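Number of protein chains: 2
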Amino acid sequence: MKNRKTLQEYKAGILAGDRAVLGQAITLVESSLEEDQRLASALLQEVLPHTGNSLRLAVTGVPGVGKSSFIETFGKLLLKKGKKVAVLAIDPSSSLSQGSILGDKTRMEGLSLDKRAYIRPSPSRSALGGVGAKTREAILFCEAAGFDLILVETVGVGQSETLVKHMVDFFLLLLLSGAGDELQGIKKGIMEMADQVVIHKADGEALEQAKRAKATFENALHFFPPNEKNWNPKVILASSLTGLGMDQVWETLLEYQEKMKSSGFWEHNRAQQRLFWLDEQIKENLTQVFLKHPGIQETLKKERDLVQSGKLNPSVLAERLVQMLLGKDAIERAKGYQ
Amino acid sequence: MKNRKTLQEYKAGILAGDRAVLGQAITLVESSLEEDQRLASALLQEVLPHTGNSLRLAVTGVPGVGKSSFIETFGKLLLKKGKKVAVLAIDPSSSLSQGSILGDKTRMEGLSLDKRAYIRPSPSRSALGGVGAKTREAILFCEAAGFDLILVETVGVGQSETLVKHMVDFFLLLLLSGAGDELQGIKKGIMEMADQVVIHKADGEALEQAKRAKATFENALHFFPPNEKNWNPKVILASSLTGLGMDQVWETLLEYQEKMKSSGFWEHNRAQQRLFWLDEQIKENLTQVFLKHPGIQETLKKERDLVQSGKLNPSVLAERLVQMLLGKDAIERAKGYQ
Numbered sequence: 001m002k003n004r005k006t007l008q009e010y011k012a013g014i015l016a017g018d019r020a021v022l023g024q025a026i027t028l029v030e031s032s033l034e035e036d037q038r039l040a041s042a043l044l045q046e047v048l049p050h051t052g053n054s055l056r057l058a059v060t061g062v063p064g065v066g067k068s069s070f071i072e073t074f075g076k077l078l079l080k081k082g083k084k085v086a087v088l089a090i091d092p093s094s095s096l097s098q099g100s101i102l103g104d105k106t107r108m109e110g111l112s113l114d115k116r117a118y119i120r121p122s123p124s125r126s127a128l129g130g131v132g133a134k135t136r137e138a139i140l141f142c143e144a145a146g147f148d149l150i151l152v153e154t155v156g157v158g159q160s161e162t163l164v165k166h167m168v169d170f171f172l173l174l175l176l177s178g179a180g181d182e183l184q185g186i187k188k189g190i191m192e193m194a195d196q197v198v199i200h201k202a203d204g205e206a207l208e209q210a211k212r213a214k215a216t217f218e219n220a221l222h223f224f225p226p227n228e229k230n231w232n233p234k235v236i237l238a239s240s241l242t243g244l245g246m247d248q249v250w251e252t253l254l255e256y257q258e259k260m261k262s263s264g265f266w267e268h269n270r271a272q273q274r275l276f277w278l279d280e281q282i283k284e285n286l287t288q289v290f291l292k293h294p295g296i297q298e299t300l301k302k303e304r305d306l307v308q309s310g311k312l313n314p315s316v317l318a319e320r321l322v323q324m325l326l327g328k329d330a331i332e333r334a335k336g337y338q
Numbered sequence: 001m002k003n004r005k006t007l008q009e010y011k012a013g014i015l016a017g018d019r020a021v022l023g024q025a026i027t028l029v030e031s032s033l034e035e036d037q038r039l040a041s042a043l044l045q046e047v048l049p050h051t052g053n054s055l056r057l058a059v060t061g062v063p064g065v066g067k068s069s070f071i072e073t074f075g076k077l078l079l080k081k082g083k084k085v086a087v088l089a090i091d092p093s094s095s096l097s098q099g100s101i102l103g104d105k106t107r108m109e110g111l112s113l114d115k116r117a118y119i120r121p122s123p124s125r126s127a128l129g130g131v132g133a134k135t136r137e138a139i140l141f142c143e144a145a146g147f148d149l150i151l152v153e154t155v156g157v158g159q160s161e162t163l164v165k166h167m168v169d170f171f172l173l174l175l176l177s178g179a180g181d182e183l184q185g186i187k188k189g190i191m192e193m194a195d196q197v198v199i200h201k202a203d204g205e206a207l208e209q210a211k212r213a214k215a216t217f218e219n220a221l222h223f224f225p226p227n228e229k230n231w232n233p234k235v236i237l238a239s240s241l242t243g244l245g246m247d248q249v250w251e252t253l254l255e256y257q258e259k260m261k262s263s264g265f266w267e268h269n270r271a272q273q274r275l276f277w278l279d280e281q282i283k284e285n286l287t288q289v290f291l292k293h294p295g296i297q298e299t300l301k302k303e304r305d306l307v308q309s310g311k312l313n314p315s316v317l318a319e320r321l322v323q324m325l326l327g328k329d330a331i332e333r334a335k336g337y338q
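Chains A and B supply the protein sequences, listed in that same order. Just so it is clear: in the first sequence, position 134 is 134 by the numbering used here, and no numbers are missing. Just so it is clear: in the second sequence, position 10 is 10 by the numbering used here, and no numbers are missing.
Simulated from the structure, these hints should not be mistaken for lab results. Wrong hints could be hidden among the right ones.
[Stated by the list, open to error] Subject to a maximum C-alpha distance of 27 Å in a straight line, what follows is the list of computed DSSO-like cross-link-like pairs (lysine-lysine):
id, chain 1, residue 1, chain 2, residue 2
1, B, Lys76, B, Lys5
2, B, Lys84, A, Lys311
3, B, Lys211, A, Lys229
4, A, Lys283, B, Lys76
5, B, Lys261, A, Lys311
6, A, Lys292, B, Lys311
7, A, Lys80, A, Lys115
8, A, Lys211, A, Lys83
9, B, Lys214, B, Lys234
10, B, Lys283, A, Lys283
11, B, Lys165, B, Lys261
12, A, Lys292, B, Lys292
13, A, Lys165, A, Lys259
14, A, Lys80, A, Lys261
15, A, Lys214, B, Lys214
16, A, Lys165, B, Lys259
17, B, Lys165, A, Lys328
18, B, Lys311, A, Lys283
19, A, Lys328, A, Lys81
20, B, Lys76, B, Lys211
21, B, Lys311, A, Lys5
22, B, Lys311, A, Lys84
23, A, Lys211, A, Lys234
24, A, Lys311, B, Lys76
25, A, Lys328, B, Lys292
26, B, Lys11, A, Lys311
27, A, Lys5, A, Lys84
28, A, Lys11, B, Lys259
29, B, Lys311, B, Lys76
30, B, Lys328, A, Lys283
31, A, Lys311, B, Lys5
32, B, Lys259, B, Lys234
[As the list claims (entries may be wrong)] Chain B stretches covered by chain A per the calculated footprint, using a threshold of three residues with CB under 8 Å from any CB of chain A:
id, stretch
33, 36 to 47
34, 67 to 80
35, 271 to 281
36, 311 to 319
[To be verified] Covered by chain B, according to a simulated footprint, are these stretches of chain A (three or more residues, beta-carbon under 8 Å):
id, stretch
37, 55 to 67
38, 270 to 281
Computed from a predicted structure; not experimentally measured. The beta carbon of each residue, even a glycine, is placed where N, CA and C say it ideally should be.
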């Protein structure tokens, strides 16, 4: 990265809440250059004591549900309540990243013009260490910079939601009221992750339909067993045009935070999340080295088809590949420890 | 393993449909002895051309739903139709493994006394390479031995269902009609995996209640988006006491098989499953070696708490651990290939 600052310059800038320095630090995290990685890692360790004080919130919904306008309207409410708001995107296809960042800023004009807000598009897919891990570290930097609410935007159709679930405190699902097929396009399991379902664009002629959809969704949520945190997701009608429901979303957030903190789930959940990311990073690092190994690449290319067509048993090829990475001895030794 | 046979003896026995030899071969697969593993792997490769011709069926449901009696009744129907039936369990806590195998055979008397059936409890959790992979290989041996239907029993409350989903053609979920809380105890996401929901014990006084539950479940299924295979799961009332629904279950299986074979999904799905198991085995082998590494174990013990409490960034520890396994050079090299 050009114009790299010193560790202390980054640290001072972030802790002072300087959005430009914050942005540069996140770029450092996303860089694939070895030197940037080292610096980012050291910086993160430096600011770690200043992290953890925000409310981390996932905002998920399929394209067209109005994530940008929801975040704009809800975000402005948060600013009015004296909160500092950061918005991060995790999917390349999320609204934040469609087109230019200029486009995003136009769509979130109220937020982007305010000094108490920070908007950041998603890292590119080629980021070293996985997009999830990068976004999680960006959250930590935003916290160190003093942001009170971190909104992480995902599109709700991929695997990002499972990852994002492991980095936020609260999962908000945006839906539209449709004609019977309300859940079309929502990836299986997403509904179950929701701490709150918001039926968006509940205005004008769509308001009556949204009211009916509310009952349907409440019924659907009833089918999911109670979770370990003992929280029943609510269904809320909202509109970015009329402002309907925005206060209720905020109040629900506060209620959730209070309940989870007093039950101990809040900190328990975050501790579990940190261990999840340890596992993820280990897997990611191992996979990276594995897949880049020239001999493994070549063998996979030649023999993967044999496995796929049922001519070679998967475990035979798996063992051979792992031996290429670690040496025959490593596997034998590990088996010896059983 | 004592009294180990030669490769050719195993092969000949399995292809002749000898249940005793089949059982010994599966024991070989589950063994943690290096020599058994080698032999099992070679044997599997030998019989591979004779596999793939069965209908692989998951039978899932919480304890108490009557999996044993369902399998007994449905299995006898299959025998009557001239089919050979194998039953494998995947969970240590499934009915097949609770108590002794004698107990299981008593509960599945009709099946266990018939030469055209084969019943096998689940491998112990200490099996090398993961229980899922072992069960999958047991399926292949059963197919080579000429079984037409392989029923894989799981308890529906753990992670086994995700694994079993990747080894079967058809996923059958047994439920009971209860008072409103029908899905309690069913792990999130299981309902969505079902190709067929069977409301079991629909007899006597419970019949009316089961009929009402049917409508409720059908309504719940309606909330899941259509899947790539374009199949709508049916809800069927069944009783192992009266035999209600058993024919319908069978007919649905046939209908499914026909539809999926003609659409190409059947073979597509199996090819995807083979690649899934290649990935699983690679991960399993890597994890095994990783976790057995004495230096890694020691470091994890000392520093995992620092990660959990938020004092150390997960990626820092992850990188250090992976370097212990692969050497610093390996990671640097891999990054160089980006």
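Hints, one by one, checked against the model:
Taken as a hint, the Lys76 of chain B and Lys5 of chain B pair is broken in the structure, with Cα atoms around 32 Å apart against an allowance of 27 Å. At most 27 Å may separate the alpha-carbon atoms for a hinted pair to count; Lys84 of chain B and Lys311 of chain A meet this at roughly 25 Å. Restraint check for Lys211 of chain B and Lys229 of chain A: not satisfied, since their Cα atoms lie roughly 33 Å apart, outside the 27 Å limit. At most 27 Å may separate the alpha-carbon atoms for a hinted pair to count; Lys283 of chain A and Lys76 of chain B exceed this at roughly 46 Å.
About 20 Å separates the Cα atoms of Lys261 of chain B and Lys311 of chain A, which keeps this hinted pair within 27 Å; it holds. For a cut-off of 27 Å, the pair hint linking Lys292 of chain A to Lys311 of chain B is broken: about 32 Å separates their Cα positions. Taking the CA atoms of Lys80 of chain A and Lys115 of chain A, the gap is about 13 Å. The hint holds against a cut of 27 Å. The straight-line distance between the Cα atoms of Lys211 of chain A and Lys83 of chain A is roughly 31 Å, outside the 27 Å bound, and the hint therefore fails.
Note on Lys214 of chain B and Lys234 of chain B: the hinted pairing holds, with a Cα-Cα distance of about 10 Å set against a maximum of 27 Å. For the hint linking Lys283 of chain B to Lys283 of chain A, the alpha-carbon distance of about 8 Å falls within 27 Å, and the restraint holds. Restraint check for Lys165 of chain B and Lys261 of chain B: satisfied, since their Cα atoms lie roughly 18 Å apart, inside the 27 Å limit. At most 27 Å may separate the alpha-carbon atoms for a hinted pair to count; Lys292 of chain A and Lys292 of chain B meet this at roughly 24 Å.
Our distance criterion of 27 Å between C-alpha atoms is met by Lys165 of chain A and Lys259 of chain A, whose separation comes to about 19 Å. Distance restraint check for Lys80 of chain A and Lys261 of chain A: the Cα-Cα separation of roughly 25 Å lies within the 27 Å cut-off, and the hinted pair is therefore satisfied. For the given pair, Lys214 of chain A sits about 23 Å from Lys214 of chain B by alpha-carbon distance, which is consistent with the 27 Å threshold. Annotation: proposed proximity of Lys165 of chain A to Lys259 of chain B is violated, straight-line Cα distance about 37 Å (limit 27 Å).
Proximity of Lys165 of chain B to Lys328 of chain A is assessed by CA-CA distance (about 32 Å); at most 27 Å being required, the pair is judged violated. Taking the CA atoms of Lys311 of chain B and Lys283 of chain A, the gap is about 21 Å. The hint holds against a cut of 27 Å. Taking the CA atoms of Lys328 of chain A and Lys81 of chain A, the gap is about 61 Å. The hint is violated against a cut of 27 Å. With a C-alpha separation of about 25 Å, the suggested pairing of Lys76 of chain B with Lys211 of chain B holds against the 27 Å cut-off.
A threshold of 27 Å between alpha carbons decides the hint, and for Lys311 of chain B with Lys5 of chain A the separation of about 24 Å falls inside it, so the pair holds. Only pairs whose Cα atoms come within 27 Å are accepted, and Lys311 of chain B paired with Lys84 of chain A is accepted, the gap being roughly 25 Å. The hinted pair formed by Lys211 of chain A and Lys234 of chain A meets the criterion: a straight-line CA distance of about 13 Å does not exceed 27 Å. Restraint check for Lys311 of chain A and Lys76 of chain B: the C-alpha separation of about 33 Å exceeds 27 Å, so the hint is violated.
Of the pairs offered as hints, the one joining Lys328 of chain A and Lys292 of chain B holds, with about 15 Å between alpha carbons and a cut-off of 27 Å not exceeded. At roughly 17 Å between alpha-carbon atoms, Lys11 of chain B and Lys311 of chain A fall within 27 Å of each other, so this suggested pair holds. Between Lys5 of chain A and Lys84 of chain A, the direct Cα distance comes to roughly 25 Å. Compliance with the 27 Å bound is thereby established for this hinted pair. With a C-alpha separation of about 62 Å, the suggested pairing of Lys11 of chain A with Lys259 of chain B is violated against the 27 Å cut-off.
Pair hint Lys311 of chain B plus Lys76 of chain B does not hold up; C-alpha atoms about 60 Å apart against a cutoff of 27 Å. Distance check on the hinted pair: Lys328 of chain B and Lys283 of chain A sit about 16 Å apart at the alpha-carbon level, within 27 Å; holds. Between the alpha carbons of Lys311 of chain A and Lys5 of chain B the distance comes to roughly 24 Å, so the proposed pair stays at or under 27 Å and holds. A hinted pair counts as satisfied when its Cα atoms are at most 27 Å apart, and Lys259 of chain B with Lys234 of chain B qualifies at roughly 15 Å.
Look at the stretch 36 to 47 of chain B against chain A: 3 of its residues bring a Cβ nearer than 8 Å to a Cβ of that chain, three or more, so the hint holds. Against chain A, the stretch 67 to 80 of chain B contributes 0 residues with a C-beta closer than 8 Å to a partner C-beta. That does not satisfy the three-residue criterion, and the hint is violated. Only when three residues or more bring their CB closer than 8 Å to a CB of chain A does the claim for the stretch 271 to 281 of chain B stand; here the count is 7, and the claim holds. Proximity of the stretch 311 to 319 of chain B to chain A, defined as three or more residues with a beta carbon under 8 Å from a beta carbon of that chain, is established by the 9 residues found.
With 0 residues having a beta carbon nearer than 8 Å to a beta carbon of chain B, the stretch 55 to 67 of chain A misses the requirement of three or more and the stated coverage is violated. Only when three residues or more bring their CB closer than 8 Å to a CB of chain B does the claim for the stretch 270 to 281 of chain A stand; here the count is 8, and the claim holds.
The structure is inconsistent with the numbered hints 1, 3, 4, 6, 8, 16, 17, 19, 24, 28, 29, 34, 37, although it conforms to all the rest.
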